[in-house]
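With chain A held as given, fit chain B onto it using these hints.
Spelled out from the first residue to the last, the chains are:
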Amino acid sequence: MRKASDIGFGEKAVISDIDTSHPSSRRIIEIGFTPGQEIELVNKSIFNDPLAFALRGTVIAIRKREADCIIII
Amino acid sequence: MITQTAHSTPLVTLVGPPNSGKTTLFNYLSGKHYKTVNYPGSTVDYSVSKMQDKFNINANLLDSPGIISLIPASPDEEVSVHSLYKHPKYGNPDLIIATADSTQLSRHLLLVRQLLESGFRVIVVLTMSDLLNKRNFDVSTKRLSELLNCDVIKLDGRNGTGLDKLLNLIEINLNNSLLSGKPDTTEYKLDNSSPLINMFRESEEIEKEVIFRVASTKNISKADKELQILSNYQIDNTTIKIDRFLLHKYWGIFGFFAIMSITFTSVFWLAQPLMNLVDKTFGFLANFAQASLGDTWYSDLISNGLISGIGSVLVFVPQIIILFLILGLLEDSGYLARGAMLIDKPLSKIGLNGKSFVPMLSGFACAIPAIMAARTISNKRERLLTIFIIPLISCSARLPVYALLIGFLVPNHNQWLGGVILASIYIFGIISSVVISAIINKFSKFILRNNDNSSFILELPSYRMPKLSVVINNTVTNAEQYIKRAGPTILALSIAIWMLSYFPNNNPKIEAKGLSSEQVISLKSSERLAGSYSAQLGKFIQPVMTPLGMDWRVGVSLVSAFAAREVFVSSLAMIFRVTDSSDNLQSSILHSMRNAEIEGTNQKLFTPATILGLIVFFIFALQCISTISISYKESGTWRIPLFQVLIFTGLAYIFTFITVNGLRAIGIN
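Just so you know, the protein sequences line up as chains A and B, in that order.
If you use numbering that gives the first Met the number 0, the first sequence corresponds to residues 0 to 72, in order.
If you use numbering that gives the first Met the number 0, the second sequence corresponds to residues 0 to 668, in order.
In isolation and in its complexed conformation, chain A is listed as follows (with noise of 0.2 Å):
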């Protein structure tokens, strides 16, 4: 199962679900993450987190440890 920590950089992934025992996954969902969404890892911070993913049109910064509640394909 792989997760978008596990994105390289410059990488498309789609979402297939998530992980909804984490405690940020509500908010993970309401900016944007949804099963189905295509997000590309553009960016990440020094020491490699947080990572910022582009997704519906806009950048969303979020740590490696809240990527790993989004399951990719």
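By construction, these hints were calculated from the structure, which means they are not laboratory data.
Where hints are given, some of them may not hold.
[To be verified] Output of the computed footprint for chain A on chain B, the stretches with three or more beta carbons under 8 Å from beta carbons of chain A:
(1) 65-72
(2) 95-105
(3) 241-248
(4) 430-438
[To be verified] Taking lysine to aspartate or glutamate and the DMTMM-like style, the derived pairs with C-alpha atoms no more than 20 Å apart in a straight line are:
(5) 207/B / 37/A
(6) 85/B / 183/B
(7) 248/B / 5/A
(8) 344/B / 37/A
(9) 240/B / 48/A
(10) 344/B / 48/A
(11) 181/B / 163/B
(12) 240/B / 39/A
(13) 240/B / 10/A
(14) 11/A / 235/B
(15) 63/A / 451/B
(16) 31/B / 163/B
(17) 248/B / 10/A
(18) 248/B / 48/A
(19) 379/B / 451/B
(20) 344/B / 5/A
Note that the Cβ used here is the ideal one computed from N, Cα and C, for glycine as well.
Using the frame of chain A, we list chain B on its own:
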């Protein structure tokens, strides 16, 4: 026109996600000039205003922090959601104007649909449709209105096109509200996240229906192929490229430190010529007043009490203006969100959050808005810790004090060294706040008493050229507020300190034989001070000041600085009676300071050791009543401000003691 009912003015509330053009719309409708900032979460409290008179609509307008959903995740979002359901003063809104970015419809429709589901009367305002047009797309407001079953219009935030239509709709909706009463609403609740995911799916469908491709002369053959909604999602490539650099492992850190150091060195360098001008003006005025009024008590009150007191603080307004100007440019360009992202990891190691960055940065201007800005942090422990350490960030009220003390250490012509010392003070302040944050984090069970889920989710807005007019406007407002806030305090305290140090021994008898008139005046004033109320008061403080190598005169100034830190400077000016023949106010304060001796000895009062000690004192001491009260209000407990005062002021005393005596022990007096 809507006439006012006997008991209530209708309430129109603006709701929208961050960066959806909500504040711009508020400014259009209210005629006010609140800043719109390119950092998600720049509004942290609601503001209420009347609609502009020229619109002829009698309604209150409420603007609140941006939210992305009706289920709040941080205190600033709670402010917004609470204002929708149970505003204590205004009640439920009669009408909601919901802003949504046309290029972000599937995301921004989520909130609109939650509002409609809860039963609110809503007008949807679509913003940024010009960006959509640029990509050869457009949005059908008619179709969207049918699908959502509420009014929808487009509004161009740059020139206000569409405002007339909006006003018309507001009037119709408010008339309806008058006839049928406020809508019945139910609080929006969610048991699990599957309704959210469904709502997103439906929003995507709606988006596909209402966004259509505009026929363009080129690419017609490809047009059909690109009719997928995905091609609308173009991300600003320049932004991504700039971010590759500014978020880079090495360049990013380099850029971060470069931007921060340019900010603080320019505060010192750029302001210098302006400061000299203000300084000379007040020095001239003080001398002029004394020369024309003669050796009387009111001459002394006006020249030493009022003009020097006010002047010694106004001298620093240029520095404050430049600080606000640069912070404004950084905010408006969009860099702040990147700054937050860059230092999230390091900050999380000491119990803070990347979102603590903006509050901490605003702390360089003033702790009060900074503590309020901490509302954007969703984790309570991190928020309390951010509030806790903000007083350690050197605010603009400390600038006058540092500038004077640095002026004592460094010869006047060496501005470069002055800038370096100021930068070091700032860096020392930051390092101390980091260390103290790490320590408090260790004792978090005892002091903060909260431990909840830590998260960092932040939209990175596209970079844009800062709008200079907005930034300047905002800087002027901030500088005005600074003067208005500090001005009366300084004026009142200046007069109080003047009285305490002039009376009751206001006409001392001295042996004037064989002395020049100037010597007589100087001898008189030192005799007067020695028998004054403040000297009597100072005897209580003396035992505390002696270990620090200072006397009661500095003690009185330090105590008065608890009302506002800047007062330290005017208080010194007052106690040391600075008006002399020099035409420059600051240099006369420094001149008197250099000549001052500890009473009863011929030991110099101000030496490099005591001056450095004072700088250390001001870095740590929490000497601001407004900060204490806002810290109580925002943390909701007296525990936090109490610990802040005890820990910071205690540390200030201990470290000052160590600095002064340590330096003396190694031979630096």
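Now the hints, each set against the structure:
1. 65-72: holds (count 4)
2. 95-105: holds (count 3)
3. 241-248: It holds, with 5 qualifying residues against the three required.
4. 430-438: It is violated, with 0 qualifying residues against the three required.
5. 207/B / 37/A: The given pair, whose Cα atoms are some 16 Å apart, holds under the 20 Å limit.
6. 85/B / 183/B: holds (12 Å)
7. 248/B / 5/A: OK: residue 248/B and residue 5/A at ~19 Å, within 20 Å.
8. 344/B / 37/A: Violated, at roughly 26 Å.
9. 240/B / 48/A: holds (18 Å)
10. 344/B / 48/A: holds (6 Å)
11. 181/B / 163/B: violated (24 Å)
12. 240/B / 39/A: holds (14 Å)
13. 240/B / 10/A: OK: residue 240/B and residue 10/A at ~16 Å, within 20 Å.
14. 11/A / 235/B: Roughly 17 Å between the alpha carbons, so the hint for residue 11/A and residue 235/B holds.
15. 63/A / 451/B: holds (18 Å)
16. 31/B / 163/B: holds (18 Å)
17. 248/B / 10/A: Holds, because 19 Å separates the two Cα atoms, which is no more than 20 Å.
18. 248/B / 48/A: Distance ~11 Å between residue 248/B and residue 48/A Cα, so the pair holds.
19. 379/B / 451/B: holds (7 Å)
20. 344/B / 5/A: Between residue 344/B and residue 5/A the Cα gap is close to 18 Å, so the pair holds against 20 Å.
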